[in-house]
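A.B. asks: Listed here are the chains, written in short residue letters.
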Amino acid sequence: MIELSSIHRDFQVGDQTVHALDDVTLTIESGEYVSIMGPSGSGKSTLLNLLGLLDRPSSGRYCLNDQDVTLLSDIEQAQVRNREIGFVFQMFHLVPRLTAAENVELPLILAGVAPAQRAPKVVKALGDLGLSDRSHHKPDQLSGGQRQRVAIARATVTEPDVLLADEPTGNLDHKSGQDVIRILEALNQRGITLIMVTHDPEMGQRARRQLHMMDGRLDIDRLNSSQNTSHGAA
Amino acid sequence: MALHSPDIAWFSWGALRGYPTRTILMLIAMAIGVSAVVVLTSLGEGARLYVMDRFASLGTNLVIVFPGRSETAGINPTTMMGETPRDLTLDDALALTRSYNVRRIAPINVGSADVSHLSRSREVVVIGTNHDMLTIRHWQLAQGKFLPEIDLDRASPVTVIGSKIRDELFGAERALGKWLRIGDRRFRVIGVMGSEGRSIGVDVEETVMIPIASAQQIFNTSSVFRILVEAKTREAIEPVKQFIIDTLQERHQGITDVTVITQDAVLETFDRILGALTYAVGGIAAISLAVAGILIMNVMLVAVSQRTAEIGLLKALGASPGQIIILILAEALLLSTLGAITGYLLGQLGSWAIRYAFPDLPAYAPAWAVLVALVVAVITGLLFSLMPARRAARLDPVLALSGR
Chain Z
262 MIELSSIHRD FQVGDQTVHA LDDVTLTIES GEYVSIMGPS GSGKSTLLNL LGLLDRPSSG
322 RYCLNDQDVT LLSDIEQAQV RNREIGFVFQ MFHLVPRLTA AENVELPLIL AGVAPAQRAP
382 KVVKALGDLG LSDRSHHKPD QLSGGQRQRV AIARATVTEP DVLLADEPTG NLDHKSGQDV
442 IRILEALNQR GITLIMVTHD PEMGQRARRQ LHMMDGRLDI DRLNSSQNTS HGAA
Chain R
496 MALHSPDIAW FSWGALRGYP TRTILMLIAM AIGVSAVVVL TSLGEGARLY VMDRFASLGT
556 NLVIVFPGRS ETAGINPTTM MGETPRDLTL DDALALTRSY NVRRIAPINV GSADVSHLSR
616 SREVVVIGTN HDMLTIRHWQ LAQGKFLPEI DLDRASPVTV IGSKIRDELF GAERALGKWL
676 RIGDRRFRVI GVMGSEGRSI GVDVEETVMI PIASAQQIFN TSSVFRILVE AKTREAIEPV
736 KQFIIDTLQE RHQGITDVTV ITQDAVLETF DRILGALTYA VGGIAAISLA VAGILIMNVM
796 LVAVSQRTAE IGLLKALGAS PGQIIILILA EALLLSTLGA ITGYLLGQLG SWAIRYAFPD
856 LPAYAPAWAV LVALVVAVIT GLLFSLMPAR RAARLDPVLA LSGR
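One line per chain: the protein sequences are Z and R, in this order. Here the first sequence stands for residues 262 to 495, numbered as in my numbering. Here the second sequence stands for residues 496 to 899, numbered as in my numbering.
Worth flagging that the hints you see were computed from the coordinates, not collected in a lab. Since the model is a prediction, treat every value here as computed from it, not as a measurement. You may find that some hints are simply not true.
[As the list claims (entries may be wrong)] Stretch by stretch, here's where chain Z covers chain R in the computed footprint (C-beta under 8 Å, at least three residues):
id	stretch
1	500-507
2	510-520
3	810-816
4	889-897
[As the list claims (entries may be wrong)] Some chain Z residues near chain R, calculated using beta-carbon distances under 7 Å:
id	residue
5	N310
6	L315
7	D316
8	D335
9	I336
10	R342
11	N343
12	F348
13	V356
14	P368
15	I370
16	L371
17	G373
Using N, Cα and C, we set each Cβ at its ideal position, and we do this for glycine too.
Using the sequences and the accompanying hints, generate a full structural model.
C.D. replies: Structure follows, in C-alpha cells:
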C-alpha cells in the first residue's frame, strides 16, 4: 500500500522555485491499476520518480507497505527499489551489450542472488512474456515490442509489489503498444500494483483509477466504473 | 546486498568489451607506462651489470701499483713530460709479497714486438708477467699450461699465446709445443688463452705472454710497468695499500713515487653511479605511469558520462551507491591489470630485443622495478578511477534516465 501525505517537491531553477509537486496526498491500495495523466510539466513524472524512490520529496511523508521510506538511507532505498518496485520506461533502457536474459538477470545480480537460483527465475520471467526463444538476443536484434517485453520481464523478475510504467507505449507502434498494455494489465490481474504515466487518453482511460495532474497538484481522482472491478479501489 | 565477485568480473568484462576503442586506448596507455619502466630499468641495470662484470674481470680485491704520482705537486719539467722519477723493479715487486695480507702479486711489462712463425709474422702486444697473473685476472686457458712458477728474475723461453694469434700464425695447425720467434728470441708455445679472457684495456686474444724476465730482455729494460697485488680479503685492501706505499717509500729513499689504486674503489663508485642511474630512469618512466593514470581518469569520466543511462538504470534496478562504485572500480582494476600485464610482456620483449641486439648487455629488468611498475600501475588505475566512480554513484537517476 502506498500512502503519500502532503508531499512537496520543489526544484530551484535559476532564482525561481518550481513546485513540481505541490501538497500531494494520495493513497493507492495494493493491486490497484492507476493511470496518471496530465500535460507536460504537470509533475506526473516527478510523482512517478518519487513513488519509485528515484527522487526524494522536499517535504511530506511517503509510506510504502507501512514503512516510511523517506527516512531510509540510500542503501536501504536501493534495497526497497530492488525488491518492491519494478520500472518500465518509455525508452526501454536495456543494456545494449547484454542479451535479453542477462538484462533480466541484472536486478537479481544486484540483489546478490546466487547464480544457480537466478537461472530458473530468468527463464520463467522470459517464458511468461513469450520471449523464451529470444533470450540470447541482444536488444538491437529485437523489435520495439520485444524490447519492452524484456524490460517488463526485468521489472517483474524480483516479484515486486509495485510496477511503475512511464509512458510504456510511447515508443511503440499501436499494435505493440496494445500488446504491452495487455501484458501489464495481466500482471495487474495477478495482484501487482500498476501505476502508469501516460499522455495517451485512450491508454489512460483503460485504468480503473485515473489521476489527473495540473501544476503539481492532483486535480482529478476518478474511478472508471466501466472497467471490470475485481480489485477494489479506495 | 552483496554482489558476487564472479558477477562483478563478468559485468566489468562486459563493459570493457562493450567499448573496445576506449578499452584498447587505455590498455595501450597503461602498457606503455609499464613497459617503459621495465625496459628503462633493464637498460640501467644491464649497463650496471655490464660495467661491474668488466671490472670484476680485472680481478677481485685487486690493488694496482704503477710508477709516478698522480697528484701534481708543483709544476716541474718532469710532470709536464709525464716521466717517472724512479722505475718499479722486480725487486720492488718481490718486496710486496712480504705481507700476510698479500695473497699473490703479478708484475707486468707490456710492449710490442714482431712475432713470427715460419713465414708468417705479426706485430703483437707482448705481456711479460708471472704464473699468478692467470689467477689474479680470472683468465681462462683454452689449451696447455700457463707460464711456469719460476723466480721472477729467471727468464724462460716459453710463451702463452692468445687464440687469435694462434689462428693467425698457425691456422689449423697444432700450436702447442711449436716454436715461434718473438723479437729476436725463440719461445716454445705452452698454452693458448681462452676467448673469454677479455677485460678492459687488454684483449688477451691478441696478446702473447712470456715470463717477465724474458720480456725485460726483449725490451731491454729493468723496469716494471705495473704490479698487480691481490689482497687476501676485501678488508685487507686498505692495509695492503698502506703496506705497499710504506714498503716502496722505504725502498725508494723515502720518496713516495708510486700511485696505488684499488679497483674496488672504482668499482664501488661505478656501482653507485649506475645504480642511481637505474633509479633515475625508473623514476622518469614512472612519470609515464602517472600520465597513464590521469588518462584513465579522463577516459573513465567520459565513460561514466557516456553510460549515464546505464548507471541510472542500475540505480533504478536497485543498485546502491556502493555497488556502483564497486562496479566502476572493478572495471578500472580489470583494465589496469590487463594493461599492466600487457606492458610487462611488452617490456620483457623490449629488454629481450636489447639483449638480442647487444649480447654483452645483461639487460634484465630488476625484480623490484617490475614489481613497483605493476603495483603502481594497478594502484594509479584504481586511484584515478575513484573520482569517476564516486561521480557515477552520485548520479541523479532521474536525470540519467530521462536523458534523450
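A.B. asks: Verify the interface restraint on N310 (chain Z): the C-beta must sit less than 7 Å from at least one C-beta of chain R.
C.D. replies: 5 Å, holds
A.B. asks: Have a go at the I370 (chain Z) hint: is there a Cβ in chain R nearer than 7 Å to its own Cβ?
C.D. replies: Result: holds, 5 Å to nearest chain R Cβ.
A.B. asks: Are there three or more residues in the stretch 810-816 of chain R whose C-beta lies within less than 8 Å of some C-beta in chain Z?
C.D. replies: holds (count 7)
A.B. asks: With a cut-off of 7 Å on the beta carbons, see whether F348 (chain Z) makes it to chain R.
C.D. replies: Result: holds, 5 Å to nearest chain R Cβ.
A.B. asks: Checking hints one by one. Is L371 (chain Z) an interface residue toward chain R, by the C-beta closer than 7 Å rule?
C.D. replies: 5 Å, holds
A.B. asks: Would the hint on N343 (chain Z) stand, with a C-beta cut-off of 7 Å toward chain R?
C.D. replies: Status holds, d = 2 Å.
A.B. asks: Count the residues of the stretch 889-897 of chain R whose Cβ falls closer than 8 Å to any Cβ of chain Z, and tell me whether that reaches three.
C.D. replies: Since three or more residues must qualify, the claim that chain Z covers the stretch 889-897 of chain R holds, with 4 doing so at under 8 Å.
A.B. asks: Please verify that hint: D335 (chain Z), Cβ, nearest Cβ of chain R, below 7 Å or not.
C.D. replies: 5 Å, holds
A.B. asks: Does G373 (chain Z) pass the interface hint, meaning its C-beta sits closer than 7 Å to a C-beta of chain R?
C.D. replies: 5 Å, holds
A.B. asks: Does L315 (chain Z) pass the interface hint, meaning its C-beta sits closer than 7 Å to a C-beta of chain R?
C.D. replies: Holds - the Cβ of L315 (chain Z) comes within 7 Å of chain R, reaching about 5 Å at its closest.
A.B. asks: Should the hint that P368 (chain Z) touches chain R count as held when the rule is a Cβ pair under 7 Å?
C.D. replies: 5 Å, holds
A.B. asks: Less than 7 Å between beta-carbons is the criterion; does V356 (chain Z) satisfy it with respect to chain R?
C.D. replies: Holds, about 6 Å.
Checked against the numbered hints given earlier, this structure breaks none of them.
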